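Residue numbers (UniProt numbering), protein chains in the order written: chain U, 1 to 186; chain Y, 1 to 186; chain Z, 1 to 186; chain H, 1 to 186.
What the hints contain is simulated information worked out from the structure, not anything from laboratory work. This structure is a prediction, so every number in the text was calculated from the model and none was measured. Please note that the accuracy of each hint is not assured.
What the hints assert, rightly or not - As a list, the in silico DSSO-like pairs of lysine-lysine whose alpha-carbon atoms are at most 30 Å apart:
(1) Y:Lys177 to H:Lys173
(2) Z:Lys158 to H:Lys41
(3) Y:Lys31 to Y:Lys41
(4) Y:Lys23 to H:Lys177
(5) Y:Lys41 to Y:Lys158
Each chain is listed here by its residues.
Number of protein chains: 4
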Amino acid sequence: MAKVVVLYGSSRTTSNTELLTKKAIAGLDAKEIYLRDFTVKPIVDGRHAEHGFDEVDDDYDTIIKQVEQSDIILFSTPIYWYSMSGLMKNFIDRWSQTLRDPEFPDFKKNMSGKKAYVLAVGGDEPHMKGLAMIDQFRWIFQFVGMSFAGYIIGEGNKPEDILQDEMALLSAKKLNKELKAIKAAY
Amino acid sequence: MAKVVVLYGSSRTTSNTELLTKKAIAGLDAKEIYLRDFTVKPIVDGRHAEHGFDEVDDDYDTIIKQVEQSDIILFSTPIYWYSMSGLMKNFIDRWSQTLRDPEFPDFKKNMSGKKAYVLAVGGDEPHMKGLAMIDQFRWIFQFVGMSFAGYIIGEGNKPEDILQDEMALLSAKKLNKELKAIKAAY
Amino acid sequence: MAKVVVLYGSSRTTSNTELLTKKAIAGLDAKEIYLRDFTVKPIVDGRHAEHGFDEVDDDYDTIIKQVEQSDIILFSTPIYWYSMSGLMKNFIDRWSQTLRDPEFPDFKKNMSGKKAYVLAVGGDEPHMKGLAMIDQFRWIFQFVGMSFAGYIIGEGNKPEDILQDEMALLSAKKLNKELKAIKAAY
Amino acid sequence: MAKVVVLYGSSRTTSNTELLTKKAIAGLDAKEIYLRDFTVKPIVDGRHAEHGFDEVDDDYDTIIKQVEQSDIILFSTPIYWYSMSGLMKNFIDRWSQTLRDPEFPDFKKNMSGKKAYVLAVGGDEPHMKGLAMIDQFRWIFQFVGMSFAGYIIGEGNKPEDILQDEMALLSAKKLNKELKAIKAAY
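Chain U on its own, in the form it takes in the complex:
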C-alpha cells in the first residue's frame, strides 16, 4: 500500500494551505508532518569542507527518514513572497547534505520514482505570480528523479478564504480520488 507523506510549510495552524490539503487527503492514511513543529536548521554547505558536512543537532533526520520511506509526497506550502515558505526551503536545502550523508547511502535512488504533488495557496494573484515557484519545484523534483504528478494553486488571504475557491476545492477533490486510486492499486 502506497505511503503518503504530507509536508506542511505553513507557519499558521489551520492555514488556507492546510485546509486545502486536508481535502486532498480526506479518508487517506497519510503521514502528516508540520514543519513548524520541528527544528530544521539552515544548511551549512560542507560539500567542499575538509571534513565534509558537520553533524547537525535538530529534527531534520527524523523527518527525512519518513520522506524517504514514502511513495507519494505532498508539498503543502503557503506562497510567501512568491515562493515556498522559508520553513520548507530550509528543509529542502538540507537535501544537499543528505545526498552526501553516509547514513543515507541510497537517498537519491530512494527519492527517484516517488510521485510529488504541490499544493499552494497565495493571496497575491497566485495563478500568475506563483508560476515561478511551480517551475522551481519542477527542477527540484527532476534533480532527484521524482515525477511531478500535479499541483493545485489556490487563492486566499484571510483564514478560511480558500473555502470560497471553487476550482481549488474541486481540484483537491479530484486529487483525493487520484490518491485513493493509487493507494488501492499498490
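Assemble chains Y, Z and H onto chain U, guided by the hints.
Below, chains Y, Z and H alone, put in the same frame as chain U:
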C-alpha cells in the same frame, strides 16, 4: 552619499557568490551583512491572530533597520535548489511582519524607491534554471516598490569556480562602475 | 451589454482548444474570429523607417477593429511549441503597427480596461510547459493596459481529447457563468 | 568542419538583433537565412487528418533542409511582444509537419545533437520580460534533442541601440570565440 547594503545568503565563507559580489563592491563603502552570522527565525504568520504578531527574539530587527536605511541593496545568494537560500528566504519572509510592525511605521514607503540588485551563483545550469528565481525577486521588489536595477548570474560549484566565469566577472566589474557612479551622484 | 470577442488561433477546425472555448461561450452572444480564415501578414517593423509603416493589404484591420470595439477578449490558442500559434503571434505582432497607425488614434486607450482571458490546450505537459506562455500573455496584456482576468490550460493531443479533461471542462463552465454575469451587469 | 546556420527572425534589415548576431559570427563561414526574404506559411495541423498534412507550396522545405544539415543553429530574433517574432514562430510551428514528413524521415534524429544558441534583442526590459521566451526555446530544443548551448539578450529600441549594450557585445564576442573553437575542433 548613497548607502549600499549587501545581504549575503551563502552558508559557506568565501563562497562563489561572495567572491563575485566582492568584485561588484570593490572600493565601495558598503555595509556587508552575512545572514549566516545572525539568527533569523522563520516567520510565524500572525496577520490574522487576535493579538497580531508575537515579538521575536532574534537578530532580524537589527538587520532590517540597516536595510531600511540603505539606498541600494545587493541580494547576494547562492542558488540552492533553484532559488535563494533558506537563510535569505526566512529573512524576506519576515518582511510580512515588519509591514505590520508599529516600530516600522513607514517600512513599505522607505523600501520603495530603493534600487535592488541580485547576484547569484549556481552550479546546475543557472542561466536556465535560475530564471524562476529572478522572476520571484522581481515580484518581491515590485511588491515593496523597489526598482530591480539588475542581476548577475554566475556559474560555479567548487570553491573559486566563479573566477573562471568570464562574463559574470565582467558584469560584476560593470556593476562596480555603475554603483560608484550612483554613489558619486548622490 | 458587454461585447465578447473570441480570437481562435487553431489551424485545425473543431480543435481541442476550440471545443474547450465553445464551452466557455455557450449561450453567449460572442463574436468568433477564426484567424486561420483570414490573411494576416507578418509585421514589417517600420517604426524607424523614414515613411513609417507601409500600408498592408490583408485582413488585419477588419479584425483589429472588432477587437478594439469589444469589452472582453478570449485568446483561444493551441499550444504549439510551448507558445501561442504563429497565426496568433503574427496577429499580435501587428499591434506594434496599430499603436502608430493614425487610423487607430486611440488604440492603446481603447484596449486598456478590456478584460482578457486565455484558453489554451497543449499535448506536452501543458500545466508545466505552458506556463511561460501565460507569462508572455501577462506582459502583453500589461503593455496595453488590459486586465488578465483568467486562463484555462487543458491537455489534449488527438481530436476531442479535451472532452476527457475534467478540470478544464469545469473551468470552462465556471468561466461561462462568469462571462454571463459580466454581460448581465453591463 | 562544423556547419553554422543563422536564422534571422527580424522584419527589419540591419535590425539590432542582426547587428548583434553579426558580431557573433564575424569571420565565420556561416549560412545566413533571413526568414523575411522567404515565404513560410502558418502550419495547418494535419496530424489527425485522414490524409495527413497537405503539401505546402512555399519556401519552408528549402530552409529546413539547410537547418537539418547544420551542426550549430543560431536563432536570432527580435523580442516582439515578449516572444520570438511571428516570422520565426511560423517557421518553428512547421516542424510539427516535418516530424511526420516522409521526405524527412530522420528529422528528429538529425536535429538532436545539434547545438542551439539564441540571440535576442528587446526594448522593454528584455532581461526580465524576455526570460519566458528563453524558457520556450529550452522546451523546443529539448523536444528535438538539441542542446541549448547559450543565449544572449540585448537591449535596444532604435536602430543601432545595441551598439551601446556593452555586456551584449562582450557576450557576442565571447560567443564568436566559442564558435570558432568549435569549428576548429571538428
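Consistency of the hints with the structure:
As the CA atoms of Lys177 (chain Y) and Lys173 (chain H) are separated by approximately 21 Å, the hinted pair is consistent with the 30 Å bound. Annotation: proposed proximity of Lys158 (chain Z) to Lys41 (chain H) holds, straight-line Cα distance about 23 Å (limit 30 Å). At most 30 Å may separate the alpha-carbon atoms for a hinted pair to count; Lys31 (chain Y) and Lys41 (chain Y) meet this at roughly 22 Å. Between the alpha carbons of Lys23 (chain Y) and Lys177 (chain H) the distance comes to roughly 25 Å, so the proposed pair stays at or under 30 Å and holds.
Only pairs whose Cα atoms come within 30 Å are accepted, and Lys41 (chain Y) paired with Lys158 (chain Y) is accepted, the gap being roughly 29 Å.
Of the numbered hints stated above, none is contradicted by the structure.
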